[in-house]
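As they're listed, the protein sequences go chains A, B and C. The first sequence runs 214 to 571 under my numbering. The second sequence runs 25 to 390 under my numbering. The third sequence runs 4 to 423 under my numbering.
Calculated from the structure, these hints are not laboratory results. You may find that some hints are simply not true.
Unchecked claim - No more than 25 Å apart at the CA atoms, straight line, and that leaves these computed lysine to any residue pairs for SDA-like:
| hint | chain 1 | residue 1 | chain 2 | residue 2 |
| --- | --- | --- | --- | --- |
| 1 | A | K463 | C | Q265 |
| 2 | A | K382 | C | A34 |
| 3 | A | K370 | A | D392 |
| 4 | B | K197 | B | N159 |
| 5 | A | K370 | C | Q265 |
| 6 | A | K382 | C | I65 |
| 7 | A | K374 | C | I363 |
| 8 | A | K278 | C | S131 |
| 9 | C | K205 | A | A414 |
| 10 | A | K374 | C | M291 |
| 11 | C | K205 | A | N421 |
| 12 | A | K420 | C | I65 |
| 13 | C | K188 | C | E83 |
| 14 | B | K270 | B | V357 |
| 15 | B | K144 | C | R337 |
| 16 | B | K59 | B | K197 |
| 17 | B | K59 | B | T230 |
| 18 | B | K144 | B | E125 |
| 19 | A | K420 | C | E83 |
| 20 | A | K382 | C | Q265 |
| 21 | A | K353 | C | M259 |
| 22 | B | K359 | B | D257 |
| 23 | A | K420 | C | M291 |
| 24 | A | K278 | C | K153 |
| 25 | A | K353 | A | R378 |
| 26 | A | K382 | C | E83 |
| 27 | A | K278 | C | R134 |
| 28 | A | K420 | C | Q265 |
| 29 | C | K153 | C | V190 |
| 30 | A | K278 | C | S319 |
| 31 | A | K278 | C | V190 |
| 32 | A | K374 | C | Q265 |
| 33 | A | K463 | A | T543 |
| 34 | A | K420 | C | V190 |
| 35 | A | K420 | C | L208 |
| 36 | B | K303 | B | P389 |
| 37 | C | K153 | A | A296 |
| 38 | A | K278 | C | I65 |
| 39 | B | K105 | C | F53 |
Remember, predicted model here, so these are calculated numbers, not experimental data.
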Amino acid sequence: MKKLLVLSTALSGLGFAASAQEIAVMSWGGAYATSQIEAYHKPFTAETGITVVNVDADNPAAPIKAQVEAGNVTVDVVDLEYADAVRLCDEGLLEVLDPAILAPGADGTPAMDDFLPGAVTDCYVATIVFSTLYAFDESKFPTDPPTTIADFFDTAKYPGKRGMRKGAKVNLEMALMADGVPADEVYGILETPEGVDRAFAKLSTIKNDMIWWEAGAQPPQLLADGEVAMTTGYNGRFFAAAVTEGKPFKQVFDGQVYEYDGYAIPKGAPNMEAAKQFLTYATTTQALADQAKWIAYGPARHSSGPLVGLFMDGKTEMGPFMPTAAENLTNALPSSYEFWVDRDTELNERFNAWLASN
Amino acid sequence: MSESHNDAFVAFDRVQKSYDGVSLVVKDLNLNIAKGEFLTMLGPSGSGKTTCLMMLAGFETATNGEIRLDGTNINMVPPHKRGIGMVFQNYALFPHMTVGENLSFPLEVRGMGKSDREAKVARALDMVQMGAFANRRPAQLSGGQQQRIALARALVFDPKLVLMDEPLGALDKQLREHMQFEIKHLHESLGITVVYVTHDQGEALTMSDRIAVFNDGRIQQLAPPADLYERPDNSFVAGFIGENNKLPGTLEELSGDKALVRLATGELIDATPVNVTQKGQQTLVSIRPERVEFKTGMMPPGAHMIGAEVLEVIYMGDILRTRLRVAGSDDFVMKCRNTQGQTRLSPGEQIKVGWHPQDARALDPI
Amino acid sequence: MADMSAPAGGLLTTSDGRPLKSALATAQKRAKRRAFLLVLPLLAFIVITFIVPIGQLMHQAIYNDGFSANMPRMTAWFAETPPGTEPDDAAWEALALDLKDAAAARSVGVVGTRVNYEMSGTRSLFTSTARGAARFEPPYRDALLAADEKWADPNLWGTMRQVSDAYSANFFLAAIDMTRDVNGKIVPMPEERQIYVSLFVKTFLLAGLITFTCFLLGFPIAHLLATLPMKWSNLLMILVLLPFWTSLLVRTTSWMVLLQQQGVVNNTMVALGIISEDGRIQMIYNQMGTIIAMTHILLPFMILPLYSVMRPIPPSYVRAARSLGATSWTAFRRVYLPQTLPGVGAGSLLVFILAVGYYITPALVGGASGQLISNLIAFHMQSSLNWSLASALAALLLGAVLVLYWIYDRLVGIDNLKLG
Chain A
214 MKKLLVLSTA LSGLGFAASA QEIAVMSWGG AYATSQIEAY HKPFTAETGI TVVNVDADNP
274 AAPIKAQVEA GNVTVDVVDL EYADAVRLCD EGLLEVLDPA ILAPGADGTP AMDDFLPGAV
334 TDCYVATIVF STLYAFDESK FPTDPPTTIA DFFDTAKYPG KRGMRKGAKV NLEMALMADG
394 VPADEVYGIL ETPEGVDRAF AKLSTIKNDM IWWEAGAQPP QLLADGEVAM TTGYNGRFFA
454 AAVTEGKPFK QVFDGQVYEY DGYAIPKGAP NMEAAKQFLT YATTTQALAD QAKWIAYGPA
514 RHSSGPLVGL FMDGKTEMGP FMPTAAENLT NALPSSYEFW VDRDTELNER FNAWLASN
Chain B
25 MSESHNDAFV AFDRVQKSYD GVSLVVKDLN LNIAKGEFLT MLGPSGSGKT TCLMMLAGFE
85 TATNGEIRLD GTNINMVPPH KRGIGMVFQN YALFPHMTVG ENLSFPLEVR GMGKSDREAK
145 VARALDMVQM GAFANRRPAQ LSGGQQQRIA LARALVFDPK LVLMDEPLGA LDKQLREHMQ
205 FEIKHLHESL GITVVYVTHD QGEALTMSDR IAVFNDGRIQ QLAPPADLYE RPDNSFVAGF
265 IGENNKLPGT LEELSGDKAL VRLATGELID ATPVNVTQKG QQTLVSIRPE RVEFKTGMMP
325 PGAHMIGAEV LEVIYMGDIL RTRLRVAGSD DFVMKCRNTQ GQTRLSPGEQ IKVGWHPQDA
385 RALDPI
Chain C
4 MADMSAPAGG LLTTSDGRPL KSALATAQKR AKRRAFLLVL PLLAFIVITF IVPIGQLMHQ
64 AIYNDGFSAN MPRMTAWFAE TPPGTEPDDA AWEALALDLK DAAAARSVGV VGTRVNYEMS
124 GTRSLFTSTA RGAARFEPPY RDALLAADEK WADPNLWGTM RQVSDAYSAN FFLAAIDMTR
184 DVNGKIVPMP EERQIYVSLF VKTFLLAGLI TFTCFLLGFP IAHLLATLPM KWSNLLMILV
244 LLPFWTSLLV RTTSWMVLLQ QQGVVNNTMV ALGIISEDGR IQMIYNQMGT IIAMTHILLP
304 FMILPLYSVM RPIPPSYVRA ARSLGATSWT AFRRVYLPQT LPGVGAGSLL VFILAVGYYI
364 TPALVGGASG QLISNLIAFH MQSSLNWSLA SALAALLLGA VLVLYWIYDR LVGIDNLKLG
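In isolation and in its complexed conformation, chain A is listed as follows:
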């Protein structure tokens, strides 16, 4: 059912993206897209009369590269991971943005000071801080539940299948942290061949228990179906499943890897002006704070923080679910885009080879 919905929204997105007074925004689907529709798209349409069409993708970076290189761009605004945005920007596939279009904070702070460090780049405005962490089904482990990233790799103590994203990124970092590497040393060790071997060796210990996921909507589904006992995933998706759908999912913030996610405009977007207008609107203090009502991702502006209150159900305090909450940052790793921009080809190749070997 979920698949069908995703498909139909994608189709309707393609169908209408071209007509006037409409912009197409490509994002990641599921609860995350919902939060954007509620916090950005609907109010933006109400204010400007410009319809916003949501288009889903597993990772929007791939279709955007294809569209721009083929010279057939149908998307006006695209939601990208930080490292992807840097890479596409360097390759000239994204529109260069003038920071002047960004609104100052609600408290009057100039935009460039209000955003978290590095959140605004040449082509990119981060909107949220999201985290990849693992969650488990509480009913599977009623006594002595897992609390650390090492527990995720301990299938003797916590038997059951595991889920991880099919790719090298985040998995290697988590493997090292589970192997006892402190968060601030992870990338230093991963730079060395021995470090990479060590990470893969750790992953190998649970390889046979692994189910690999690709789309962000899959992990909560795998948990709900009982296909896995615990799985990594995006914290907002777990939050949505646990709070809105009442699933007994518990997130473990120990060993989380957090990074920015945000908006860019692909080069040659058909409705450039409206796209910029949307970008400005969606990155205001209030809009970013509003999004946190719908999903547990931290806003990328300082001024939005105090405005985050309760979840839209009116009773759940969002604070403890935010990846940036102090108690969640005791052993947390900010993802390094510099590392991945250089090493993704090599490490993904190795990851694929590792995956295919038995």
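Let chain A serve as the given structure and place chains B and C on it in line with the hints.
Quick look at chains B and C alone, frame taken from chain A:
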């Protein structure tokens, strides 16, 4: 009716066959075939003759009754253990094997050694004058040649009994007649028993020792060809074999082997009673066209003559086929030999026709 | 002069003396032109939608101008100097100016990506250096080394020399787990990064296995279809074709519902006590899932050619064999089976070729161990965005299939193929 024929080579004993459990395709078949006999099963399609052949070959099982081969019940014997040679309607030569391999096949599955096989295959091919074709593929042969190979293949493993299912149906007329002669010749020289299925009465008459005429799942008449033609037992056989004039009427008098029949138009004719029993009964008088005579001098004394009008004279070379109106029927046919002094009739002429009472057979009305 | 129409030593001519051949050609010209016009739309369609894209794909596999198009001065310098030349002042100047231009044109990422394919860890060297390139002043060597010492690395210069030629076999080398060392010598990839050769082998083995299971399952069904009375065979045919009318995605997803650990099949077996609650069998997200789902999806492609070959085989062949003394097994083996070979060949070739290139099903149900080469092609098309490598892999796959086709033609003969 059920005489014991334990000495018969092939025996169908009260055999019945049903495909659907509702109707019978073969109804109570009793048939004994002697060793060395050439027996033909003749009948229209759907009459049950092919089913009988398939039961004998083992491809169909009898629903009831017993089939014996050489005194042994073969109901439960699978086809490959019956040792019966068979020639199929479309020859069924294996297209992926050469002629030689086709002939060698039955010998191979019997575990015969290579040299023996080759000798036998060569002999069988020579027998059908196809010795030079051993390395051809069936598709490279003409219909007549394929027919010979099929025949040779059915004979190469020396079966005692050979079944032929309309084997000449696909050949043109001339070739068919030639092959009829050859098959008959092989039958005689090899002394094998042949059960032959056809719907071509000419073929049946030419080749058979005896013919079983099938209709509606029953044997209508079992007799040698001459008897079947000249003395049909019932209207079906009379109509199915050869051309036949049929005159409906009522039995006026019946005494021994003589009967007087009053036709629908009032005329009286002579006939021989066959399966009519009492006066006043409805009957169908059957007369062969070549036995009809119009010259008074040729009539036996006391024979009834009946008026006729010439409608059409068709010149057919060896005979003259004359269509007449007799007793209200427009399709009464008379055949006269085209001899030197033959009287030529012309349309519209009024003549009188008659026949020997023996040639007019009073049969059951259909 | 020979007799007008005598073939002896001369050409046949028509009654008015024209050569017969040219007279025939004239007579048929109109018909030929009309026939050509009729197939022209199809020809154009195939050329535009099939030949041209495949040609582009092949081209992309050996051509990548990411470096040469954006670093013209460097490319020129590499062209002028022999391999192994130490970078001189001209080279450093070319590098600095090219980086400056590339930074302005925002194309330095493309350059970095191209070099990074061959030498991991160099991408950010290009992008970060380019950010400061506008301020570079001569002497450029010092300016560049001040920006990053890695610029002095001779390996980097060797790699840049390699990629300065837009035409390169490196992607094909990568596709067979080979690479070039700094001297341009072809060497195997480090073992932990070798994947494609073994994956090609695995793909072909799995495709062969799937073809074989399709044959085992499809043969009896095709035989039933060909021999059942019309009423039943039509019904059966609809059942065989039904999957064709269902979306591939729906079919694959139904297999997920059936086969997953908490799925219908496992639940049923647990309920029946065949396996215990802990002994649930992993039937999906592995090779087994790929084999089961792909066998199901490709089965009709085996059944239909088999059926079309079996339908016209009259039952009298087997009957003849039986009457000649063959057991039913011998009759099947010696008489029936050989006649179905064209269908077996066509079905197997069809299923095998489809299986070798299959993508969506292994992607959904294959997990890690059930992935085929096409999934890696998709990975490079969609995720790593290394389209040249994807093209090289696809071209190798295409070549392998063509070789198979050629072998098949040699062994069985393409004219023996019967698809329907």
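- prompt: Is the hinted pair K205 (chain C) and A414 (chain A) satisfied, with a Cα-Cα distance of at most 25 Å?
  reply: holds, 24 Å
message: Hinted pair, alpha-carbon criterion (25 Å max): K144 (chain B), E125 (chain B). Please report holds or violated.
response: holds, 12 Å
query: Is K303 (chain B) close enough to P389 (chain B), meaning Cα to Cα at most 25 Å?
result: Holds - the C-alpha atoms of P389 (chain B) and K303 (chain B) are around 14 Å apart, at most 25 Å.
message: With the threshold set at 25 Å, check whether the alpha-carbon distance from K278 (chain A) to S131 (chain C) stays at or below it.
response: holds, 21 Å
task: Could you grab the alpha-carbon distance between K359 (chain B) and D257 (chain B) and see if it respects the 25 Å cut-off?
output: holds, 23 Å
query: Between K382 (chain A) and A34 (chain C), does the CA-CA distance stay at or below 25 Å?
result: Distance of about 64 Å is beyond 25 Å: violated.
- request: Take a quick look at whether K105 (chain B) and F53 (chain C) sit within 25 Å of each other, Cα to Cα.
  value: This hinted pair is violated, its Cα atoms lying about 58 Å apart.
- request: Decide if the proposed pair is consistent with the structure: K278 (chain A) and S319 (chain C), CA atoms, cutoff 25 Å inclusive.
  value: Not satisfied, since the Cα-Cα distance of roughly 63 Å exceeds 25 Å.
Restraint check for K420 (chain A) with V190 (chain C), where alpha carbons must lie at most 25 Å apart: violated, 30 Å
- request: Compare the distance between the alpha carbons of K59 (chain B) and T230 (chain B) with 25 Å, and conclude whether the hinted pair is satisfied.
  value: Distance of about 20 Å is within 25 Å: holds.
message: Hinted pair, alpha-carbon criterion (25 Å max): K420 (chain A), L208 (chain C). Please report holds or violated.
response: Measuring from Cα to Cα gives roughly 23 Å; hence the hint holds.
query: Is the hinted pair K205 (chain C) and N421 (chain A) satisfied, with a Cα-Cα distance of at most 25 Å?
result: holds, 19 Å
When held up to the earlier numbered hints, the structure conflicts with 2, 4, 6, 12, 16, 19, 20, 24, 26, 30, 31, 34 and 39 and fits the remainder.
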